[in-house]
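Q: So the chains spell out like this:
2 protein chains.
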Amino acid sequence: MVEAVQAINMIEMGKKARQASYKLASLSTARKNYALLAIADALEARTDEILAANQLDLKAAEENGVDPIWIRDRIALEKRMAGIITDVRKVAELSDPVGEAFDQSELENGLKIFKRRVPLGVLGTIYESRPNVTVDIATLALKTGNAVILRGGSDVLNSNLALVKILKDALEESRLPADAVQYIESTDRKYVGEMLKMHDYIDMIIPRGGSKLHDFCRENSTIPVIIGGMGVCHMYVDESADLDAALPVLHNAKTQRPAVCNSIETLLVNQAIADDFLPRAIDHLREADVVFQAEPRALKILEGKDGISPATDDDFYQEWYALKLNVKVVDDLDEAIDHIREHSTQHSEGILTQNMENAERFLNEVDSSAVFLNASTRFNDGSALGLGAEVAISTQKLHARGPMALQELTTYKWIIVGDNTIRE
Amino acid sequence: MVEAVQAINMIEMGKKARQASYKLASLSTARKNYALLAIADALEARTDEILAANQLDLKAAEENGVDPIWIRDRIALEKRMAGIITDVRKVAELSDPVGEAFDQSELENGLKIFKRRVPLGVLGTIYESRPNVTVDIATLALKTGNAVILRGGSDVLNSNLALVKILKDALEESRLPADAVQYIESTDRKYVGEMLKMHDYIDMIIPRGGSKLHDFCRENSTIPVIIGGMGVCHMYVDESADLDAALPVLHNAKTQRPAVCNSIETLLVNQAIADDFLPRAIDHLREADVVFQAEPRALKILEGKDGISPATDDDFYQEWYALKLNVKVVDDLDEAIDHIREHSTQHSEGILTQNMENAERFLNEVDSSAVFLNASTRFNDGSALGLGAEVAISTQKLHARGPMALQELTTYKWIIVGDNTIRE
Numbered sequence: 001m002v003e004a005v006q007a008i009n010m011i012e013m014g015k016k017a018r019q020a021s022y023k024l025a026s027l028s029t030a031r032k033n034y035a036l037l038a039i040a041d042a043l044e045a046r047t048d049e050i051l052a053a054n055q056l057d058l059k060a061a062e063e064n065g066v067d068p069i070w071i072r073d074r075i076a077l078e079k080r081m082a083g084i085i086t087d088v089r090k091v092a093e094l095s096d097p098v099g100e101a102f103d104q105s106e107l108e109n110g111l112k113i114f115k116r117r118v119p120l121g122v123l124g125t126i127y128e129s130r131p132n133v134t135v136d137i138a139t140l141a142l143k144t145g146n147a148v149i150l151r152g153g154s155d156v157l158n159s160n161l162a163l164v165k166i167l168k169d170a171l172e173e174s175r176l177p178a179d180a181v182q183y184i185e186s187t188d189r190k191y192v193g194e195m196l197k198m199h200d201y202i203d204m205i206i207p208r209g210g211s212k213l214h215d216f217c218r219e220n221s222t223i224p225v226i227i228g229g230m231g232v233c234h235m236y237v238d239e240s241a242d243l244d245a246a247l248p249v250l251h252n253a254k255t256q257r258p259a260v261c262n263s264i265e266t267l268l269v270n271q272a273i274a275d276d277f278l279p280r281a282i283d284h285l286r287e288a289d290v291v292f293q294a295e296p297r298a299l300k301i302l303e304g305k306d307g308i309s310p311a312t313d314d315d316f317y318q319e320w321y322a323l324k325l326n327v328k329v330v331d332d333l334d335e336a337i338d339h340i341r342e343h344s345t346q347h348s349e350g351i352l353t354q355n356m357e358n359a360e361r362f363l364n365e366v367d368s369s370a371v372f373l374n375a376s377t378r379f380n381d382g383s384a385l386g387l388g389a390e391v392a393i394s395t396q397k398l399h400a401r402g403p404m405a406l407q408e409l410t411t412y413k414w415i416i417v418g419d420n421t422i423r424e
Numbered sequence: 001m002v003e004a005v006q007a008i009n010m011i012e013m014g015k016k017a018r019q020a021s022y023k024l025a026s027l028s029t030a031r032k033n034y035a036l037l038a039i040a041d042a043l044e045a046r047t048d049e050i051l052a053a054n055q056l057d058l059k060a061a062e063e064n065g066v067d068p069i070w071i072r073d074r075i076a077l078e079k080r081m082a083g084i085i086t087d088v089r090k091v092a093e094l095s096d097p098v099g100e101a102f103d104q105s106e107l108e109n110g111l112k113i114f115k116r117r118v119p120l121g122v123l124g125t126i127y128e129s130r131p132n133v134t135v136d137i138a139t140l141a142l143k144t145g146n147a148v149i150l151r152g153g154s155d156v157l158n159s160n161l162a163l164v165k166i167l168k169d170a171l172e173e174s175r176l177p178a179d180a181v182q183y184i185e186s187t188d189r190k191y192v193g194e195m196l197k198m199h200d201y202i203d204m205i206i207p208r209g210g211s212k213l214h215d216f217c218r219e220n221s222t223i224p225v226i227i228g229g230m231g232v233c234h235m236y237v238d239e240s241a242d243l244d245a246a247l248p249v250l251h252n253a254k255t256q257r258p259a260v261c262n263s264i265e266t267l268l269v270n271q272a273i274a275d276d277f278l279p280r281a282i283d284h285l286r287e288a289d290v291v292f293q294a295e296p297r298a299l300k301i302l303e304g305k306d307g308i309s310p311a312t313d314d315d316f317y318q319e320w321y322a323l324k325l326n327v328k329v330v331d332d333l334d335e336a337i338d339h340i341r342e343h344s345t346q347h348s349e350g351i352l353t354q355n356m357e358n359a360e361r362f363l364n365e366v367d368s369s370a371v372f373l374n375a376s377t378r379f380n381d382g383s384a385l386g387l388g389a390e391v392a393i394s395t396q397k398l399h400a401r402g403p404m405a406l407q408e409l410t411t412y413k414w415i416i417v418g419d420n421t422i423r424e
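Residue numbers (my numbering), protein chains in the order written: chain S, 1 to 424; chain F, 1 to 424.
Among the clues, some could well be false.
[What the hints assert, rightly or not] For lysine to any residue, the following SDA-like pairs were computed, each having C-alpha atoms within a straight-line distance of at most 25 Å:
1. 23(F) x 210(F)
2. 16(S) x 338(F)
3. 112(F) x 388(S)
4. 165(S) x 52(S)
Note that these hints are calculated values from the structure, not bench results.
Start from the sequences and build out the full structure, keeping to the hints where you can.
A: Shown next as structure tokens:
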């Protein structure tokens, strides 16, 4: 199905996206929702077409000896189509942040001032596998009046092209510009490099993938990049924690979905309770087959137990994406905070404590996108925090921090209304 | 006074700034204000010291044959000291955005969620001339709990070093970390290059200078950069404008302070009123010695008038910083908007009209940091819009757009409080 692709004119794509973005910016919420529902209907009506394309990607993955678990999680679409279509209809139901007026004021000279929420313009997204991301990002962009240039992974190219074709057809049928969704139909990396320099045509780059992709974007982009999704997350069990209640929270934070960014990598335990709590915690987590890397003090306490290895310094910087947990005994809250400052990716960190002074210090002094008191770090995502959607979890500090949903795909403009007013 | 500088260890500076930022983040507003007032007092008490250093810079500038107007505006401090000290006391009076809680909610599972406004951490500022910027940025950073690494211009190095010494002394006297304000004591550009890659230690780069400095930062920084301060600004006079009232607005927007970014470069006039209005507008602006570059249709109307030259295509992309104005006749609002989209730096654009439908279209469809209806573009700055301060006027779309004051030097963190709550 994928044919030899001609050289792609990225600037041309950028110009078309910019033009489309002008049209999208002025659309009513009703027009955008109409298009979203048309997209959902089209995905439903043309599911066979999508699955036929997906078969090509599945076959290629099998022939290349890709791990069946990976194929099932990252490539196969059949069991996901219903969910994808439902999600599009949900996006139509979310409230539209565009047009909101805020920070109104009137100055002494009579000037009326307010800010109006407006789309960012054009989004550039670079992602790997999971063709559902194509539909996710395109529909969230459409809802917020943004055009989007997509660049997906080579292993799902056929699936992505089928999805994009349907998205474009539905846009046209809804009399919206098909250029609102464009896809880079080549997996040649030079186009990613070109895209990252197109600051005249793209307003924000959203990388969805591992740390190498993020580093590449950060090093090479002249467009603002949303850095995120990498989580070396910590849970600190304070002296005063309710230790019985702590066990299920740790279990949840580590094992409920270990391959995602908001699961924990490191357990820090206050020395005053370590002898009592650490063996219990390890036994509880062993039931879920977790293995442990323990630093010397923890190792001594856990001596003779199953599934324990000595931790290296490097282990504390790793994101495991697996049923693995670093364990460390700390003297006090200060040492816990210092350890987190050194090793965290500023994604999600939690404290379990009954001491509200320690809680407040932890919540203040740990500088992460989300800090948790007596709750699992697994809640740091858009759906768990009630945003209804998510394009990324930002671990940088500018523009948006933590889960990014619709509002985070917008900016604002200042509107100043006078009566032929001049500055004295 | 400036001695040979040893090699600077930028990473060391970054680490010290990060450590200082942790202390600043937890300070009460009262502690920060106390330090600000101590800074103001110290600047007052040690004015002689500052002016002695400034003399060295003034002498060097004279010896190098620098334009006396430039020296007066960009280097000389004597007449500015009182204003600088007053401004520091004003910063102490501004309200502190840090600590504000917003977007509170409680989920069905009992989780309490809110965002807390927190400092960004460490700011990096690269600026040219005007040593008052040193005090401006350092005090606005301090007020918002941010540490700052400063890199000023070589022509005011002595003045800057004297100011920084006083700032650091006042911080220590107030028992705050002197590392909260650090200055790169070398004008070797390699340190700017190093600084721009220090994303582990610096959270935001604020360049203050021309487009070359901004381009250099955009191309080389792995830290988010605030692009701004470049203004190719437009005023469009619509068919229905109150033409008598339009004259003083144009006059203000072009001549009140032509060397700043929010003054206009281009006047667009609707063809229906061009024969009548254009000669009157030109006569009115000629009284302030404005000269004009006119495209062919405008040129024809203005034939024989003094101070008119034909415009080149390139003229419409220039920021004049001078009493120069491009003039163009457009068919209608659509052509005006298209022209602006092509040529604007997305800083400030205005429409003069009595037609509210056209006004609304212009305010919606022109994608600039501030859009003006029947008002001078000169109002696009922090003090004119009532913010009380300004670190930059952003023309990019992420994080902050338009005038950036205290709140724009902060970010937020999500705080999630549970009762040992787990995700199902």
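Q: Are the Cα positions of residue 112(F) and residue 388(S) separated by 25 Å at most?
A: This hinted pair holds, its Cα atoms lying about 17 Å apart.
Q: Between the alpha carbons of residue 165(S) and residue 52(S), is the straight-line distance 25 Å or under?
A: holds, 14 Å
Q: Mind checking the alpha carbons of residue 23(F) and residue 210(F) for me, to see if they're no more than 25 Å apart?
A: Cα-Cα ~34 Å, so violated.
Q: Taking 25 Å as the top limit, are the C-alpha atoms of residue 16(S) and residue 338(F) close enough?
A: The hint holds at about 15 Å.
Of the numbered hints stated above, the single one contradicted by the structure is hint 1.
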